[in-house]
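Participant: Spelled out, the chains give:
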Amino acid sequence: METLEHIIAEHPFFAGLESYYTNLLTGCASNVRFEAGSYIFKEGGEANEFYLIRAGKVALEIFAPQRKPVMLATLGEGEILGWSWLLPPYQWRFHAHAIDTVRAIALDGKCLRTKCEDNHDLGYEILKRFASIMEQRLESTIFQLVDVYAVGK
Amino acid sequence: MTTAVAAKTKLKRMEPRMTTDPMLPEPYRVRQVVKETADTFTLTLEPSSGAGASRFRPGQFSMLWVFGVGELPISISGDPAESDRLVYTVRSVGQATEALVSREVSEEVGVRGPFGTGWPVEKAEGCDVLVIAGGIGLAPLRPVIYEVLRNREKYGRLVILYGARSPRDVLYRKELTAWARQRDTQVLTTVDYGGISWRGHVGVVTTLFKQARFQTARSLAYACGPEIMMRFVARDLETRGLARENIYLSMERNMKCAVGFCGHCQYGPHFICKDGPIFSYDQMRPLLEKYEL
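Going line by line, the protein sequences match chains A and B. For the first sequence, the numbering used here gives the first residue as 1112, with consecutive numbering after it. For the second sequence, the numbering used here gives the first residue as 27, with consecutive numbering after it.
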């Protein structure tokens, strides 16, 4: 049976991280499962964890008054869900909706923040990895905003 | 007529037409018009003379004359092995394209070509093939897919990554599903804006790379779509380790003569109609980064 530490160490997000750190992270980790159709978190809720998606698909959605929910992006196996736990006020900015059954590793944000404060090397490693994800998502959002497939573009 | 003579005659009739003057359109008749999406149609044309249609390589284009309206450069989107017809997928965005997609069955259209260089499909033999398309950019790549699927043993994995604006804008839906069932073939479709009922992927086409399974060191990529999309795609592929000379892009400029005389489609030192429309990223990168070129 795969241990949590092994799963974390094998996850692309933590590729190359020293085993000392993956061991520290494992202390903040747990296995979670979300049924299809359920909400993993909702906008405005307290953001105290992030997820390494192992299986299934998650939709990031935003609600606007008198409109249907807008699906902004989908995330799947090998991807990271949630970074609001990193920065105050630690509140989710979107809804995360399980499109199908989702299996993930949840990492406790409070626990991780404490460990990062105590060990800045670990904090720097985590921040570098999240900065890369943020850069990719920002680039995707810009590309999406350009609306390249629209007529006349 | 005996069977043998009939067969010989039929063979002769299927030979490709040899056009002596590239500026002279050949009359073709509309055989079929299929509505793909709200504004995009696929036209199947056959030579009015009954002879075989012009042969083409995947990625080449024709100049289509709508008599009395104008002439348009349109990529050929059909199967290169079907020698009796030419197939084009056209998005109606203006007067000439609207006139073209409004042609009725049996009406005539003038066809010049095929022109251009085409995708270097043979270079991908023994390699994984990445087909990356955005919007109507899937049309010029469809002949590559037909070619690879027909000669499956010559190629490694076939990975088709397709991005559309919304679920309503997805082209060739049935074929995408059928291709996904072929061996060693992965088809991933994404939309920029997904409705709540959409169960597929939402995000720009580059977000599909994470799920795509191919060997970076032994892959060729063919990309077609809006230029901004191709820039993002090429950069991303390069970051993932694909050599620039193994990434091919289909460029688009205002093509008029299609034979490199008029200069309308000049792009830096190249004429898109004659030297392209397919270029390697290696060739295009310096130009893609120039503002307002």
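Honestly, the hints are just simulated from the structure, not real lab data. Wrong hints could be hidden among the right ones.
[To be verified] Within a straight-line C-alpha distance of at most 25 Å, the following computed DMTMM-like cross-link-like pairs (lysine to aspartate or glutamate) qualify:
#1 B:K149 with B:D210
#2 B:K200 with A:D1211
#3 B:K236 with A:D1229
#4 B:K236 with A:E1228
#5 B:K316 with A:D1258
#6 B:K236 with A:E1146
#7 B:K282 with B:E264
#8 B:K180 with B:D210
#9 B:K149 with B:E62
#10 B:K61 with A:D1258
[Said to hold, decoys possible] Take a look, some chain B residues computed to stay more than 10 Å from chain A by CB distance:
#11 H227
#12 V230
#13 R266
Every residue gets a Cβ at the ideal spot worked out from N, C-alpha and C, and that includes glycine.
Participant: Checking each numbered hint in turn, tell me which of them this model violates, lowest number first.
Facilitator: 3, 4, 7, 9, 11, 12
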